[in-house]
Every structure is written in structure tokens, then in C-alpha cells.
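Let chain A serve as the given structure and place chain B on it in line with the hints.
Listed here are the chains, written in short residue letters.
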Amino acid sequence: MNRRVFRKGKNAAFLLLSLLATATGLVCLGAILWTLLTHGLAGMSKHVFTEMTPPPGSEGGLLNAIYGSAIMTLLGILIGSPIGVLAGTYLAEYGRHSRLSAIVRFINDVLLSAPSIIIGLFIYQIVVVKMGHFSAFAGALSLAVLAIPVTLRTTEDMLNLVPGGMKDSSAALGAYTWRTIISVLYPAARSGIVTGLLLAIARISGETAPLLFTALNNQFWSTQLNAPMANLPVVIFQFALSPYKDWQDLAWTGALIITVSILILSVSARIVLALIQSDGSRGQ
Amino acid sequence: MAIIDPRHAARQLFYERVFKTSTLVAALLVLLILGGVAVSLIRGAWPALRHFGFSFVTREIWNPVTEEFGALGPIYGTVVTSVIAMALAVPTGFGIALFLTELCPALLKRPIGVAVELLAAVPSIIFGIWGLFVLAPLMQRHVEPWLIKHAHSIPVIHKMFMGPPFGIGIVTAGVVLAIMVLPFISATMRDVFDTVPPMLKESGYGLGATTWEVIWNVVVPHSRVGVVGGIMLGLGRALGETMAVTFVIGNAHRISTSLLAPGTTISSSIANEFTEAVGDLYTSSLVALGLLLFIITFIVIAAAQAMLRRLERRVTA
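Chains as they are written, first to last, in the working numbering: chain A, 49 to 332; chain B, 196 to 512.
So that you can see chain A by itself, here it is in the shape it has in the complex (with noise of 0.2 Å):
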């Protein structure tokens, strides 16, 4: 009898446990957020989205790092997602059991976790290097190396889930296979693969680390690619750490602008996701 009694207690004492600390995560983690909210909500105006990053001690904005964070991201995208979406097309479809597949499957996983700033120190020493002086375009070169291990990784999962049937089709039909991927597969993953591209954007949108010796920062506006150009991540770093109360404020209001964003981009991605899936179950 005794030894139940003692299960039982040591059951509801680790479970206790496995309570406290999903309890103790989450409150920190809501801990986080409600900290970046208030701090970051205090410091929003109009302002934040008109005027460039001020010197300290007088009142400014944001803008020249917002926009110089969307291009960065936007050209990062441009580059790195086409590399990315073929990559996996040839991973899912051309050498699916090749053994080249399989080390580039391997690779591309270790890329993912990767320190950033690994990557940003390699586009330091081949562009930054080369060309003499940072460079927005620099910016844009590492955060595409980001970009392509997560649209790979996400394109090739999401032709796998082509049912194989359509492919056979197609082919039965007489189509090459690069006309059976561009014209049955592609659209049959497009969600799939928009999803890829959403959790990229995500991924590269908040990185710091590469774009401090790439893309540098500028206090002024410019649309310059081949000069350094002003960012929401390095803007937030510097200005944090800075002692001046105005900068930290533009710095929460930014960590805040950069945190919805990516929230919003992670949940579309999520959304459409789950459209896929039920999708999927209402054809079965």
C-alpha cells in the first residue's frame, strides 16, 4: 500500500513540476512581450514613420530605417527564395534518391542553424572586402543566404505532399517533367510554398548580426544600394545601448514595429498552412 501512496505522490509532484514550469515559460515569455508593448507604445507617433533617426537629444524617426529594413528584406527575398524554390525542386523531384540530394539535404539543415553571423563575416570577406566599403546590397546578400535553407526546406516538403498520382498524369499526358512541375506541381504546392517564403521573410526581417559589418547603418536617408544603408535591427542596437533616453525609446518602439511584423508574417504563414491542411483532409 505504501509503495502506491508513493507512486502516486511522485507522480503528482513531477507533474506539479511539468505545471510550474510551463507556467514560469509562458510568464516570462508574456513577461517579454508586455514589456516590449508598453515600452514600444509609449514612444509611437507619427513621427516614428516620417521623420529620419535623429541626432540625440532632438526628436526624429524611424524612417530611413524602416525603409532601409524593407528593401534589405525585399532584395534578400529576391535573391535568395528563386535559389531556394529550385534547390528543393531538385531535391523533391530530379534527384529525389540521388546521393547528392542527400548531402545537400544535410548541408541545408545545418545551414538553418547557423549562426547569422557567421554568414554576415563570409559576405564580409567576399563582397564587402572586395568592393572596398559597406554596402546595402552586402545587407541584402547575406540575409538572401539566410532566405534560401528555409524556402528549400519548405519547397521540398511541400511537393512531397503532391500526391503522386498527378504527377503520373501529367506525364501520361505527354508533358516533359519541367512542364509537369511548373504546370501541375508548383500550383498544386502554392500555398505550401508561399508559406516557405512568409517564415523567410520572418527569419531575415529581424536579423542584427549579419547586417552589422554589411549593410552597416546610416543616419540619413538613402536609397543608395552600394552605400551603407539604415536598418530597424543595427538602428535598435545602437541606439539601445546608447545612454540618451530618446534613442532608447526609438529603440523599443522599433524592437516593437519589428516584432509585429515578423508576429504577422509567422501567423499568415500559419494560416495558410492550416488552409492547406484542411484542404488536404476534405480531398481524402
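The hints are simulated quantities; they were obtained by calculation from the structure and are not laboratory data. Each hint should be verified, as a subset may be incorrect.
[Claimed, not checked] Some, not all, of what chain B presents toward chain A, calculated at C-beta under 10 Å:
| id | residue |
| --- | --- |
| 1 | Arg-212 |
| 2 | Phe-294 |
| 3 | Val-329 |
| 4 | Ala-497 |
[What the hints assert, rightly or not] With a straight-line Cα cutoff of 20 Å, these simulated DMTMM-like cross-link-like pairs (lysine to aspartate or glutamate) come out:
| id | chain 1 | residue 1 | chain 2 | residue 2 |
| --- | --- | --- | --- | --- |
| 5 | A | Lys-178 | B | Glu-471 |
| 6 | A | Lys-215 | A | Asp-297 |
| 7 | A | Lys-178 | B | Asp-475 |
| 8 | B | Lys-215 | A | Asp-205 |
| 9 | B | Lys-396 | B | Glu-408 |
Note that the structure is a prediction, hence the values are computed from the model and not measured. All C-beta atoms in this analysis are idealised placements derived from N, C-alpha and C, irrespective of residue type, glycine included.
Quick look at chain B alone, frame taken from chain A:
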């Protein structure tokens, strides 16, 4: 009707070749990037490695003025902050994953699961800025004085919690890292626990086992490879994390016995000093730090992937 136009066929074949080749080139590009990263890091690090030799990784000195550099301080900081982070995040993540798979009412399962996954997408700089403005003062005023007070009578341990409470330092960086990798570790462990066939668990319950006994004797052994793989992926993140750490580490290349003292990690040294580094040897030493980080994380991530793959094969088999 069914006459094949030879020009059409030739064109199709041409497109086929172009498309196939471009997918192959894209796939090869992935290999090329990793190769390029390795080669460019080795080339950039070469001057420092040639100048200092093996002593680069064994010396603590970091002096830009006399141009003497050793990586021991950053390596120590990277390892210790990651160990603290994993010590805090693994049990907590394990608890959250358990809660989500075994205890959570069905109604809350999805919302909490989704919340955890969304938090894994929050960029690390957010954790850094929160660490600097909220956690560091909290550590300085409450947690660190408490640690100092209660640790000073314990032999050995008291050396780890000595000195003034700075707020920023190794311990704070470890805690921020722990909070940052927590959503990731929980989500991975939950996915791994979900791969355990319900039949195995039902059998355990059928024999009269308690929930904990089923978890410890059925779920954990069955998913062990995946759990370790997930932990190592989290470790890979913690080792290479830059922004969450840079804000709160204090950037001191000294190795102190006290965990409360400021320190530095490989990635935060690079982030803090790279754009300000003057002189080829200084820059090269920072790139050499990057090379070390690349090697360490590559080994950890590769091992993690290999383990997760083993689990995957077993599930599909």
C-alpha cells in the same frame, strides 16, 4: 491527330534541360555557400593563426594595443553561457513539452502550442534589449545579491558567486539565452514526444502505470534520440547567438571565477569589435574567432541532425 511536331519536341527537350540544370545548379549552390563560408573564414583567419599558432586558442590575453590576441576568454564565455542556458532551458522545456503532450486539456493544447511556436520566431535582438533594460536591473538588485549571500558559506560554489552584483555578466547572459531557446526546445521536444505511438502509452497505462511512469519509462526511452537531437539543436543556437548576449555580457575578455562578472562570447566579441577593429591582425583574429565558432557549431548541429534523422527513419520504418 497525334503527330509529334519535331520542332515542338526539340523545344521541350531544350526547356527540360535548362530547367533541370538550373535546379541542379541551385542545389549545388547550397554546397558552394557552405564551402565558401569555410574557405573565406580560413583565409581571413590565416594571418592570425599563422602569427599566434596554436596558442591562439589557449591564451586569455586580448590586447588590441600591443596586438596580442588569444581566444580563451571568448571560448570560455561561449561555453559557460551556453551551459547555464541549457541547464535552465532543458528541464523547463522538458516540463512544457510534457505538459503539452500529456497533461494539457485538449482545449488549451493548440493555443499554448501555437504561442510557444510563435515565440520561437521572435528575433533575438528583442530578447537582448529586454535583457538589458529589464532583466539586468532585476538581477543586480534581487537575484545576484541573494546568490552572493547564500553561496558564500558553501565551499567551492561561493567562488562562482563572488564580487559585486553588476547586473550584466555571464549569469545574466545565460538566463537571457535560456529564455530565448526555451520556445525552440519546447516545440522540438513536443514534436518528438508526439512521435511516440499511442499504443505504447496505452499499454503502459493498461499495466497500471502512473502518468509519470509512462512518461519516464515509455515516452522518454522511445524518443531519446530525438530529445537529445532537439537539445543539441538548441545548444547550437545558444552557442552562436549574438544579439541576445551582446547586450548583457559586458564585453570583458578576462576570465573570472565568478559567474557574476562581465565576460564575452565569441559572437559578441565579433559583433562589438569587428567594425572598430584597426589593423589586419586584429581583424584577422576576430575572423579566427568566427572560424572557431563555425567549427564548434558545425559539429554540434551536424550531430543533432544526424540524431534527428535516425529518429525520423525509425518512425517511418
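Tested hints:
1. Arg-212: 9 Å, holds
2. Phe-294: This hint holds: B:Phe-294 lies near chain A, its Cβ roughly 4 Å from the closest one there, short of 10 Å.
3. Val-329: Cβ of B:Val-329 sits 5 Å from chain A, so the hint holds.
4. Ala-497: 6 Å, holds
5. A:Lys-178 x B:Glu-471: Holds, at roughly 18 Å.
6. A:Lys-215 x A:Asp-297: 55 Å, violated
7. A:Lys-178 x B:Asp-475: The given pair, whose Cα atoms are some 15 Å apart, holds under the 20 Å limit.
8. B:Lys-215 x A:Asp-205: OK: B:Lys-215 and A:Asp-205 at ~19 Å, within 20 Å.
9. B:Lys-396 x B:Glu-408: 10 Å, holds
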